[in-house]
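Trainee: Here is how the chains run, residue by residue.
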Amino acid sequence: MPLPPLPASSIVLGAEAADWRAAVRLVGEALAASGAAQPGYADEMIRMIEEHGPYVVIAPGLALAHARPGPEVLADGLAVVTLSTPVAFGHPHNDPVSVVLGLAITHADAHLASVASLANVFNDSSAIPALAGATSAAEVQRILGVTA
Amino acid sequence: MKIVTICGAGIGSSGILKVNAERVLGRLGIEAEVVAADVSSVASVAADAQVILTSAEFVDAIGKTFADVIVIENFFDTAELSRRLEEALG
Chain A
9 MPLPPLPASS IVLGAEAADW RAAVRLVGEA LAASGAAQPG YADEMIRMIE EHGPYVVIAP
69 GLALAHARPG PEVLADGLAV VTLSTPVAFG HPHNDPVSVV LGLAITHADA HLASVASLAN
129 VFNDSSAIPA LAGATSAAEV QRILGVTA
Chain B
1046 MKIVTICGAG IGSSGILKVN AERVLGRLGI EAEVVAADVS SVASVAADAQ VILTSAEFVD
1106 AIGKTFADVI VIENFFDTAE LSRRLEEALG
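Chains as they are written, first to last, in my numbering: chain A, 9 to 156; chain B, 1046 to 1135.
Worth flagging that the hints you see were computed from the coordinates, not collected in a lab.
Bear in mind that the values here come from a model prediction, so they are computed numbers and not experimental data.
Yeah, the Cβ is synthetic: ideal placement off N, Cα and C, and Gly gets one too.
It is possible that part of the hints are untrue.
[Unchecked claim] Pulled from the structure, derived: some chain B residues nowhere near chain A, Cβ distances all over 10 Å:
| # | residue |
| --- | --- |
| 1 | V1064 |
| 2 | G1074 |
| 3 | V1090 |
| 4 | S1100 |
| 5 | E1102 |
| 6 | A1112 |
| 7 | D1122 |
| 8 | R1128 |
| 9 | E1132 |
[Unchecked claim] Each pair of labels, with its calculated beta carbon distance range:
| # | chain 1 | residue 1 | chain 2 | residue 2 | range |
| --- | --- | --- | --- | --- | --- |
| 10 | A | A116 | B | F1111 | 23 to 29 Å |
| 11 | B | R1128 | A | A116 | 28 to 34 Å |
| 12 | B | Q1095 | A | A146 | 44 to 50 Å |
| 13 | B | E1125 | A | R150 | 24 to 30 Å |
| 14 | B | A1092 | A | S144 | 46 to 52 Å |
| 15 | A | A116 | B | K1109 | 23 to 29 Å |
| 16 | B | V1104 | A | E147 | 36 to 42 Å |
| 17 | B | A1133 | A | P79 | 17 to 23 Å |
| 18 | B | D1105 | A | D117 | 24 to 30 Å |
| 19 | B | K1047 | A | D132 | 27 to 33 Å |
Please put together the full structure from these sequences, using the hints given.
Mentor: Structure below.
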């Protein structure tokens, strides 16, 4: 199974975010723009971090924002937001974050194949700086190996 | 052997840890069942686990366990994962 859909409407490059909450809100808006989630999904992703801490910063410069499957998720989807000025999430090793991925998943048991595809992309350590420097949605889609 | 990966939702980051742990274990020639779970179910899911892989934020919530709790910093760094698993299992 490939990555969840990543249409150009869910890719935002060079955005400004005042703090990590604003950054997660942007990626929530990007998931809503492509129809993968309701606007309220952003609040759920923020609540996960408030509850559990900045563990979503799973690699240097990269946050994987997500919440559980639920009524706020409309379809499997991925979103990418790159920040013109990286923001701190409070992570002890991987701050500051310049690339925020948003992940919406409809069924937990089916998501492992999707994240395996994410691992295929990001196990190459050049992928995060390449995304952070991407200047077009097509370039982001190419780095992530998706067509749309 | 059983290895449990833990994150907040049981999807996303714990799934990436599971996928990469399976890849590393395959390369090391170690047979293990790797299960992704959310932190609220750790007591039951990890009761018979030898190793728990997670991020620093969940160590306190995981609490007392017979398993080795390994904190991973970069979930995509399979060299880090391989080194830490070898230390725990070697």
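Trainee: Output the indices of the hints that this structure fails to meet, ascending.
Mentor: Going through the list in order, the structure violates hints 1, 4, 5, 7, 17 and respects the others.
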